[in-house]
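K.L.:
So you can see what is in the structure, the chains are spelled out below.
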Amino acid sequence: MDHMSMIEWARAQFAMTALFHFFFVPFTLGMSFVVAFFETIYVKTGKKEWKEITQFWQLIFAINFALGLSTGIIHEFEFGTNWSTYSWVVGDLFGAPLAVEGIVAFFMEATFAAISFFGWKRVTKGVHLASSWLLAIGSNLSALWILIANGFMQHPSNEFGNFNIDTSRMEMINFWKLIAQPVAQVKFLHVVSAGYTLASIFVLGISAFYLLRKKHVEFAKKSAAVAAAFGLVSSIFVAVIGDDHAYEVTNTQPTKIAAAEGLYVGEKGAPIVAVGIPKNLKAASVASNDDAWAFKIELPHMLSILGKHSFNAFVPGLKDLIDGNKEYGIWPLSKLETVGQQARADLKAYHIAKTAGNKEAMEAAKRDFYTVVWPADLKGQVIYKHPANSDKLFLRKCDLIGYGFFKGKNPDLIHPPVPPVFFAFHLMVTLGFWFILLFIWAWVAVVKGSFENSTLLQKLAVLTVPLPWVATSFGWMTAEIGRQPWTVFGVLPTAESATPIALANVQATFFMFLTAFVILGIAELKILFTVVKHGPKGAH
Amino acid sequence: MSWAPYTVDATHFYLQVYFWIIVAVLGGLFLLMTFVQGGQSLFHTAKDEMEERAITNSLGRKWELTFTTLVLFGGALYAAFPLFYSVSFGGAYWVWMLILFGFVLQAVSYEYMNKENNVLGKGVYKFFLYFNGIVTMLLIGAAVGTFFTGSNFSFDPATRHVIWGTASDGFNLRGLEAAIDFKHGAWFNLSFGVLLFAAARILGGLWLINDIDNNEFPELIARIRGTIKKCFVVLVIALAIVLAGLLTMKGYSYNIHDPKGTVTLVAGKYLHNLLSFGAIPLLLFAAGLVLFILGVLKTGFGNSNKGIWFAGLGIVLIGIVVFVIAGLFGTPFYPSYADLQSSLTIQNTSGSKYTLEVMAWVSVAVPFVLAYIIWVWYQMKKNGPITKEEIADPESHAY
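Residue numbers (the numbering used here), protein chains in the order written: chain A, 3 to 542; chain B, 347 to 745.
Looking at chain A on its own, in the form it has when it is part of the complex (with noise of 0.2 Å):
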């Protein structure tokens, strides 16, 4: 008990220092654009007006970007002290994009920074315009390697991780394919897109401010202008590259994609449900997904048109991956949980043989590790795209050795619970499509030049500020709560990736680093509403 009770602790503590990093990360993501942007055309056009636009906004950007390292570098370190087993058991593969992230980006950042922050009266301005582009490459360069890292925990394929049983550990064994591999990039499309469109809306809104307030009308007219255009490219691609996402994570973590859209039972041609409150449920129990709502508004055939790319395609429910499907090949989990166990056993026998030197009965612990077990004959046609290794032309035991801890419990442990999960992902949508919305609004007015005088879109530019924030959140919270009960999934569930340590020491850092980032980000606030009331004159 003391031992579950832990792990919680340990899963609210990286939570929670993951929510306050995300809220800095996005910001700094667009952010450090809209000021490359601006004084792009500082330079340009030489004006003195773009430079004291560009320095205001950058500004609003240092503020911000000190918190986020305060608040990131506990991250990478959370992965030793906190989830030591997970760093043990894939450090090798998950180690790496950690490592390259700090050789290629953090450096960049850094070193830019300086620049771009210090050097306004020390370098010549194209130095200091080209450090202002750095500084924002090198920032999306750090979320294209963490999310390369992220990726592999969503969607482990044995084209690039191999479960050694010398070591016991997963290992990398194709860098190319962990790079490439479309579950991360896309991840990183969706995650920098979704950046620039919330530093968008940031600079739309506050413009939106002052011009209702009449205070640097010329100033807020300007940065308006440059926030609609870049917000309305990056608002609609955010939602194209999501849905190319939905796609991806359809074929590779069905357990994520039914819990995020209700559906407890599969069905062809299955529908999306835009409104609903869908209810907590046994899986196993539920019989028809009519009984799983409390009500609900469906779109017919989208579930299969988004994440099959066919109108009639068959989504896998919750019961479907906990029951099976023999139609549609899919595998019941006791069968999972079985395999997993094999895999388990070998493992232990593998390094008891060893121990004894008996060769012999290691290379049978090995041969059985490493069996093919879908396809059966490796010839099979793949007619479903499996649960667990979806893309994967065949899978091994080893491919399945996580299953093997969830034997003998309740099967539901199997998935992430659906209201939450359901509840995340669809806020972010719904707030995605109305930054669309927004966005085309305000980039008509601004060409059609009424943006000055449209009150209400001000009014609502306003009040959106917070939203993005909120979009962004629930995001990750979709992702990562979706992931569950996995760290990697289907290779290590998250009950066995803590470190073994007293309940309380957990505890303790958790209230430490919570009190820490609730006043610090209390002082952050009110430095910025400051500088935002001072307004661009007051800035430096």
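Hints are not guaranteed to be accurate.
What the hints assert, rightly or not - So the derived list for chain B, only partly shown, Cβ under 10 Å to chain A, looks like this: (1) Asn403; (2) Val433; (3) Ile480; (4) Pro564; (5) Ile639; (6) Ser696.
What the hints contain is simulated information worked out from the structure, not anything from laboratory work. Every residue, glycine too, gets a C-beta built ideally from N, C-alpha and C.
Since the structure of chain A is already known, use the hints to place chain B on it.
P.N.:
Then chain B, alone, in the frame of chain A:
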């Protein structure tokens, strides 16, 4: 119970050595960059607002680089020696958590300290910088000290978990025994911490003298010089204790060709390491020490402001040697005094051969990164030191 060594072929072993040297170089560079932390411990030398802002602005342009070096140091260890990452960070829990906490506080302090409505007030942010400059440095020193004195852990082959000896069911400051358990080398670890702190403080002073306009801030510069001199005495004493300890303690040792990697305690191990490989480690160490002292003499005792370049290069060399003798020549770099055979070596903690090969290719980028850092550094310094005019200029993003 011993770990099975992962190394099976020569290339893999050379890659492990290569990455340990990379870790050593990053460690040395990190020690150089702790001039920021050392500088943060020198705020008391400023007697007015302008002097204080001169210090803040000089360090405020460099702290991110120290921070990033630490992150890369962690990342390199994670990628190349993942088992160490797991055992040490998960084991010596509180040491690392408190070190991190110091950096969390530091990261916001420069930016927020002199801003209007910063909630906590300037004094608190200054306290954060002191905390990071003093406590964090002592803890980092104590943590590095355990690379020689060992830690209290053992490997349980049944669960494949690492059992930390000081673990208990309730709240425990596990890991902090490095600084309070005097039976197991806390005196050495703490001396190491004091040494690191003194070195950082001296480097900080040398940096500030170099980076702040000497003509505009003559009194501040003179006070910093005075502090460097006092601190140098502390450094010499701490260094004597650490060196005496290092040369007299029994060191952990194993044979790199032994498939079981049996660890034993050997007298004079670290002296042996210094004299290994044609005594190059000893020569580098001596060169580093001479350069460091030369830097202190030039700027701390003399009137030159160039001392930081000598002392800085010196500390990098010293740092490299410290890590090299801790981990190469058949030395477990993270030993366990609770169970010798559970000690961690570059061989039994390393990543797979393929991962190290990939990372070796990635490491080709390091010289380029260093080159642009140096170029940027030069760009920012070529127009002279920090002046009162720059600090007062609303357009310079001064703190």
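K.L.:
Take the hints in turn and mark each one as holding or not.
P.N.:
Hints, one by one, checked against the model:
1. Asn403: holds (8 Å)
2. Val433: holds (7 Å)
3. Ile480: violated (18 Å)
4. Pro564: Violated, because the Cβ-Cβ distance from Pro564(B) to chain A comes to roughly 23 Å (cut-off 10 Å).
5. Ile639: The hint is violated - Ile639(B) has no Cβ within 10 Å of chain A, the shortest such distance being about 30 Å.
6. Ser696: With a minimum Cβ separation of about 9 Å from chain A (threshold 10 Å), the hint on Ser696(B) holds.
Going through the hint list in order, the structure does not satisfy hints 3, 4 and 5.
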